[in-house]
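*Asks:* In the order they appear, the protein sequences are chains H and P.
Sequential numbering of the first sequence, starting at 1, is according to our numbering.
Sequential numbering of the second sequence, starting at 1, is according to our numbering.
Think of the hints as simulated: they come from the structure by calculation, not from any bench.
Some hints here could point you the wrong way.
[What the hints assert, rightly or not] The list that follows gives simulated cross-link-like pairs (lysine to aspartate or glutamate, DMTMM-like), each with its CA atoms no further than 25 Å apart:
hint	chain 1	residue 1	chain 2	residue 2
1	P	Lys-211	H	Asp-407
2	H	Lys-182	P	Asp-212
3	P	Lys-59	P	Glu-49
4	H	Lys-121	P	Glu-242
5	H	Lys-523	P	Asp-212
6	P	Lys-59	H	Asp-112
7	P	Lys-255	P	Glu-242
8	P	Lys-59	H	Asp-407
9	H	Lys-121	P	Asp-78
The primary structure of each chain is shown beneath.
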Amino acid sequence: MKRLTLIAAAVLALSGLAAAQTLVYGESGLPVNLDLPQDGNSLSVQYQVAEPLVLYKPGTTEIRPGLATSWEANDSATVWTFHLRQGVTFQDGTPFNAEAVKFNFDRWNHRDNPYAFPGTKDMAAWTYIFGAFYGESGYLLEKVDAVDDSTVRFTLTQPTGFFPTLLSSSYFGMQSPAAIKKAGAAYGTPSVGLVGTGPFKFQEWVEGDHVTLVRNDNYWGDKAGVERIVFKGIESAPTRLAQLEAGTLDIAVNLSPDDYKVVTGNQNLKQASSGPELSIGYVGFHQANKPFDDVRVRQAVAYAVDQQAIVDAFYGPLGSVATEFIPPGLMGRSDVKAYPYDPEKAKQLLAEAGYPNGFDTKFWYMPVSRPYYPAPKDVAEAFVGYLADVGINAQLNTEDWSIYLSDYDQGKFPMYMLGWNADYPDPNNFINTFFNASESVNGFGWSDANGQKVVSLLSQAAQASDQSTRELDYELASTIIHDQIPALPMVYPRSLNATRTNIDGFLPNAMGTTVSLATVTKK
Amino acid sequence: MFAYVARRVLGLIPVLFGVSLLVFTIPRVIGGDPARVMVGERGSQATYERLREELGLNKPLFFNLKGFDDRGLEGLFDSQYFDFALGAIKGDLGQSLFTLTGVRQGLVARFPATFELTIVAMILAIGLGIPTGILAALRRGTAVDTAVMFIALAGVSFPVFWLAIIMIYLFTVNLGWLPSLGRLDPTMIFHSRTGFYVLDALLQGNWPVLKDALRHLVLPGIALGTIPLAIIVRMTRSSMLEVLGQDYIRTARAKGVQWGSVVNKHALRNAMLPVITVVGLSFGQLLSGAILTETVFAWPGIGRYIYDAIGQRDYPIIQGGVLFVATMFVLVNLFVDLSYAVIDPRIQYA
């Protein structure tokens, strides 16, 4: 019994000590898997442990050296050489070197690599950024060579001037080859966790409850400001806020825009935000559904809806009206103006198109809330309300999210809501995501000459090695999209994140909250 | 008695077979698929197709006729249903398509949380419900009766999540009396061997953790307990009223037995049978996990596990989870049936 009491006392002392230096971080759920993740809740944990070669300056999306200290390309930007930081080891003692980098990229790029664990795992995120896996149509990464211990060379299938930016994406954290080989397909699951070079080490993951990381005291850079981070998953945004107000959480991310006043009005809380974010919510038209194949009808919709009023009502200070598919903060914007609210003009365009009395159609809204549409149904109701004013009778519909994601792509929805958050800070990640060769056709049924023109401009831009050519291509494409309006950009949202006032150094950037928490301190 | 139990346990087999068919079929009939969720907003068709192949979603649902032609009987059962059912018989529930963690391991990790919460909710519901129900029956038609019935009605009518959020704001945010996030303070370091925090803390003599774990059980316990509480109050009241109107109660009174003794010995025991049925049903239900309560309080239990899996169409978790819950439910019911014999000697199982 005496021993038990001693243990209890020790635990008490420990927990008292830990409380001061433990950061409690609330997000909408626990990680899914810490290996090959693609969802925000997993990435924000993985990013603390496994760092990409290229990092961002805190609070910005400006890239800076990380595990790679410098890099250069050949003239055609098809071969990129990266010089690695020396003397760095993974948290399990495995040396970080060119072989380790090659191991990581080969395992992501090659579906048949034994350490890709084909059949159990899939890095869908790879295709978002590198187009396709090695050997499949549209793949980008030809090969990775370890030139010497601290030099690694990437050979690409086409010129890519923004290649270092791709490597900054949070998907590509460097992980210990030894740890992956040892754990096999269980790598990244609660019983194993992950091993990287980052400022924090994985400690434990209690299924369904929390994930704990502890400070890596051998980190090559500035040591983390807190000793321990506990990640909690709380699905509902109002409850996340309540727990932050109660002081149970130190940081709560992706709160509801409705609670902006609560956050700013509470003297124990402060807002943590980066300013404009690389995110967009839009309404797509699918031209397989008449009469949306008529550009006048699509324009009529744009004139009919008071976008400013919708943004004011549902985003408040946390959003602005979107004007084009490249959000502010990226190059290549054409600076077109949003279609003004002009119902008369809308009616006139409808009459010209042969619908003086409007028509019946369907409007599909998302069944889930996403940062770009925190309250999809409310926005949808307002939207169709404006359409009714000009005679367009749009019936509201939704369906299960997993079905929604497959149906929008097949022309089932005449009008639908969707959006996007950045994977890496480049226009290619936005405009080309929506209007590349397959999405133009699948997502919007847009295959006329204008659509084709945009597709070719975008692919030209992606391959151009100099910035000014890229900028011109994007501007031109953006202008065509604005006139032809295959989809209506609705809103550039900002997320609402908050911390207790005793927390400093939490610096979300324009990509969101997947940022290093090494800078965070707790008083 | 033994024969009866054995028969009932054998009876589990057809029940679970039926459940396995339903839980396999329904998620697939309602459409949507995990591969689509996995590839996200922008996955390419190629990625999607590859995922379907890898996840085994291209296999036939029940009978693999092509496999039969190629490989005979073994090939015939190379299908999604038999992969699941044959695995389940061996105690292998497969692994989550998303997290790659074993479903059995996932259930084992979450069941203690659900169990602890259920126990607290039921203690609350029974401890408050039965005395209040008796009181209302004895004071039938008075203001006490009306008040009790009104509160009971309110208990079933208030949405649980609403009550939960009100309690969080009142007791956690404003008054700061009780915690409402998970099972333990996030800054507390505790390694539970069995997953039953209260039990482990007690065995280890870890009083700070015990106290904290108990405090964390209060608000979710109340939120979860309201519904069975309301039902138990109503059932106790009506059952008591019925029994109190019986001839033997009048006889007992006529023989001069004290009123208190009549209520305790003659009425209560007889009135308990239907109440126990309700208690058993509620207990079984709560053990299947309480989605709303678990979600609002970030409680790492079974309900949320299955609920999240349904949203993503994580078939192995849905299948294994529901099968597990159904087994629990049947076993609790068996236990309730057996307890009848203890309470009412007229009932015998042979």
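*Asks:* Please work out if P:Lys-59 and H:Asp-407 have their alpha carbons no farther apart than 25 Å.
*Replies:* Given that 25 Å is the threshold and the Cα spacing comes to 23 Å, the pair holds.
*Asks:* Does H:Asp-112 sit within 25 Å of P:Lys-59, going by the straight-line distance between their CA atoms?
*Replies:* Roughly 21 Å between the alpha carbons, so the hint for P:Lys-59 and H:Asp-112 holds.
*Asks:* Against the 25 Å threshold, does the CA-CA distance of H:Lys-121 and P:Glu-242 hold or violate the hint?
*Replies:* Status violated; Cα separation ~62 Å.
*Asks:* Given the hinted pair H:Lys-121 and P:Asp-78, is their alpha-carbon gap at most 25 Å?
*Replies:* 21 Å, holds
*Asks:* So if I understand the rule, the pair passes when the alpha-carbon distance is 25 Å or less; does P:Lys-211 with H:Asp-407 pass?
*Replies:* 51 Å, violated
*Asks:* Take the C-alpha atoms of H:Lys-523 and P:Asp-212, compute the straight-line distance between them, and say whether it is at most 25 Å.
*Replies:* 24 Å, holds
*Asks:* Given the hint that P:Lys-59 pairs with P:Glu-49, test it: the Cα-Cα distance must not exceed 25 Å.
*Replies:* 13 Å, holds
*Asks:* Given the hinted pair H:Lys-182 and P:Asp-212, is their alpha-carbon gap at most 25 Å?
*Replies:* With a Cα-Cα distance of about 38 Å, the restraint between H:Lys-182 and P:Asp-212 is violated, given a limit of 25 Å.
*Asks:* Hint check: P:Lys-255 vs P:Glu-242, CA-CA at most 25 Å. Holds or violated?
*Replies:* The given pair, whose Cα atoms are some 20 Å apart, holds under the 25 Å limit.
Consistency with the previously given hints fails for numbers 1, 2, 4, ordered from lowest to highest.
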